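**Q** Here are the chains, one letter per residue:
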Amino acid sequence: MINKNQEEKYPKSPIGEVIETSAFNLTIQCHKLYESPAIGSLIKCGTETIVYSVISNIKTQSLDTTRTTIALAQNAFSVEDVYQENPQLQNLLSTSLNTIVVGYKQNTHINHEIPSIPPKIHDLTYCCTLEETLEFSQTFGFLRILRSSNNAHIDDVIVSFLRSTLGNSKNPSQLLLRAGQELARLLKDDTQRLTQILERVSL
Amino acid sequence: MTMNIDNNESSLGIVISGSLSEGIRVRLTNPTTVELVKVGTFVSINGENLKFFGVITDISLGASDHNIEYGSIESSNTFVKEVMSGTTTFGEIIVHPMLTLYNTEDIDTAFEKPLPAKTIPNHFAKVSSATEQDIERVFGSESDNVFWVGHPLDMESKLCLNIKELVTRTNGVFGKSGTGKTFLTRLLLIGILQSDSASNLIFDMANEYGWRGYSENINEVKGLKQLFPSKVAVFSLDETNSKKRGLTPDYVVKFGLEEIEYGDIAILKDLLNLTDLALDAVYVLEHHYGRKNWLKMFLSLQGRDSISNIAEKLNFHEGTLISLHNRLSRIHRFNFIDKTQSHQSVEKILEYLQRGIHVVLEFGRYEHNALAYILVTNLITRRIHQKYVELTETSFTKNKKPKPIVITIEEAHRFLTPSIAPKTIFGTIAREMRKYNVTLLIVDQRPSSIDGEIMSQIGTKFACLLDNEKDVDAVLTGVHGSRKLRSVLASLDSKQQALIFGHSLPMPVVIKTREYGTPESYRSFGISNKQDQIEIDREELFGEN
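Heads up: the protein sequence lines correspond to chains A and B, in order. Mind the numbering: the first sequence is residues 1 to 203 in our numbering, read in order. Mind the numbering: the second sequence is residues 204 to 748 in our numbering, read in order.
Hints were generated in silico from the structure; no laboratory data involved. Quick caveat, the model's predicted, so the values are computed rather than measured. The reader is advised that the hints may include incorrect statements.
[Claimed, not checked] Just a sample of chain B residues kept apart from chain A, beta carbon distances all over 10 Å, derived:
#1 R228
#2 H706
#3 F728
[Said to hold, decoys possible] With a Cα cut of at most 27 Å, we get these calculated DSSO-like pairs of lysine-lysine:
#4 A/K188 <-> B/K284
#5 B/K284 <-> A/K170
#6 A/K188 <-> B/K329
#7 B/K434 <-> B/K367
[As the list claims (entries may be wrong)] Partial list, computed: chain B residues near chain A (C-beta under 10 Å):
#8 A266
#9 I271
#10 T281
#11 E285
#12 V286
#13 G289
#14 T292
We treat Cβ as the ideally placed atom computed from N, Cα and C, and that holds for glycine.
Let the sequences and hints guide you as you build the complete structure.
**A** Below, the structure is given as structure tokens:
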């Protein structure tokens, strides 16, 4: 969630770097185990062209895919004990993010489109502040890109994005209404799905 | 409630589909306006080259997804409703285009009269509620021959009627009892009076037009004589009754028995319950005794024997003549029928009318007596008809036409039912008297009972609320796009609203009838006197009582 705590947690230092890139999706490996923004958060990477993407999945797994993780907490009192007793885990495991590219910024102008050239591998990735997210969400054309991604759980990603980012703005009801109207236009022939999203956003 | 869309901008929505025959579908831009839009409202559509004027004939709700129609979406969540209204759910109106104008700022074409719509606007053309200028451009503004009759629905602008055009045809005011027919008629009569385009002859069955009338909440309203004393003469059939109501009639109308003819009895066939045979007998009696004396002679027969004698002589059954005698003596008993001498009532009426004085004929105590009403109305009108045919025919040589007359009849269906309309003088006037400068103003609550041929001759129709299907059909027959006007007609308010369409208007329009009965309303006719001023002052001081 992007809120005060999160801004303090990810001030200006990068949260990770791009390890897999395409025009539509990025994979980002976090620099620190388990230290990732929440699903639905807006992140950015790139220098000349800043590419924005929304986190659609967070994975933590063994770095070496040939070696599976085994259960270690048999005799431990808590999960923290396990990590304390096995400091090597910090280097054997890694947290990565899947994101959906939703737009880019060039010469201070934000476009809700796929960038013509995807970011480079190892591009540093930053979590967007609330101001940046709101600047990006002045219009809601990016919802079209989110909705057309082939992610099975995209509705949850949209709900998380709207609830966490716009919900924390100064004037949430106006922004949420506009976002909702954009969604209603996109989902005009599937009101069942629309209602489910809207009901969850307004909670 | 008036439309708040008037405040900032009058834009209603955009054209999304439609046809000339079915009307234009317009999607409302602001979904909340759907409850504020009313059927019958006058709107304009800005096409690329043409500006269209039309009337809202239907309002509906639309949805982009069928699930909404099937009711499978149920959400009490206000946010969901807020988002959906205007996006997946929306309001639609059907606008029936009536007139077109070139959409131009050019001064030369700006004053052109609108033409009937023969095409429709493009997709996405902007639809707005009509402005005051639109109304003026289509219906004209108040002037000598153009009379302000009311306001278009939910608008302040004045809707005007061309009275000169109006009086050239027979017109009709229709509506259920208590919907404001009499008030509307009064306004039309004042319009005719003020424009001086015709003389009014009003058969005032319920004594409402002459001296004073009453509104539904028993407030007294002024009659024509009080407002225009020098231009209106009140004739009365019943002097005592008129005096009781505080009015001295200008003339007391009486008729001699010799003025009654076969045609006058024929129209009373149903009321007197006469058989065809009895009517034949009237015809034969008239032939036998002579046109002037037949009724006098026949009614003077005393006793069964004398009637039997005449029956035998004329080859009629005795019983027929006896029952005819009984029934005709009802006419004999009316006070306004003078058994002894003849009178010049009709000549007097004609004289007044020719001088441009408007005549109100009060029926006094006969107000609920259909027999007296129909007898007198027919008697007078028949004679006026004769006179006018003569006058018009001689006028061809003198090149001076007689002053047009508008005859106002209430309960018109009694004269104009299909069975008797062809026989009565009213049928003739409705059909052809336009040529002779006599037209009718028909006021009625059962238009379905009026002969279809006559209904189709009516120039301008003023329809207040009508419920009965047959009545609605009767009023709308022969009107282009009548199916769409039906919903407009059925949704009129029960008071002070009317749908006007026909000859003297470029397009149908729903109006809120002009106010009548308050001191301000009298002043708006250009009448002001001390008493009015006192009433206004009193209202201002103490409020309305």
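**Q** All the hints need checking, so say for each whether the structure fits it.
**A** Results for each hint:
no., hint, verdict
1, R228, "holds (17 Å)"
2, H706, "holds (47 Å)"
3, F728, "holds (52 Å)"
4, A/K188 <-> B/K284, "holds (14 Å)"
5, B/K284 <-> A/K170, "holds (22 Å)"
6, A/K188 <-> B/K329, "holds (23 Å)"
7, B/K434 <-> B/K367, "holds (18 Å)"
8, A266, "holds (8 Å)"
9, I271, "holds (6 Å)"
10, T281, "holds (8 Å)"
11, E285, "holds (6 Å)"
12, V286, "holds (3 Å)"
13, G289, "holds (7 Å)"
14, T292, "holds (9 Å)"
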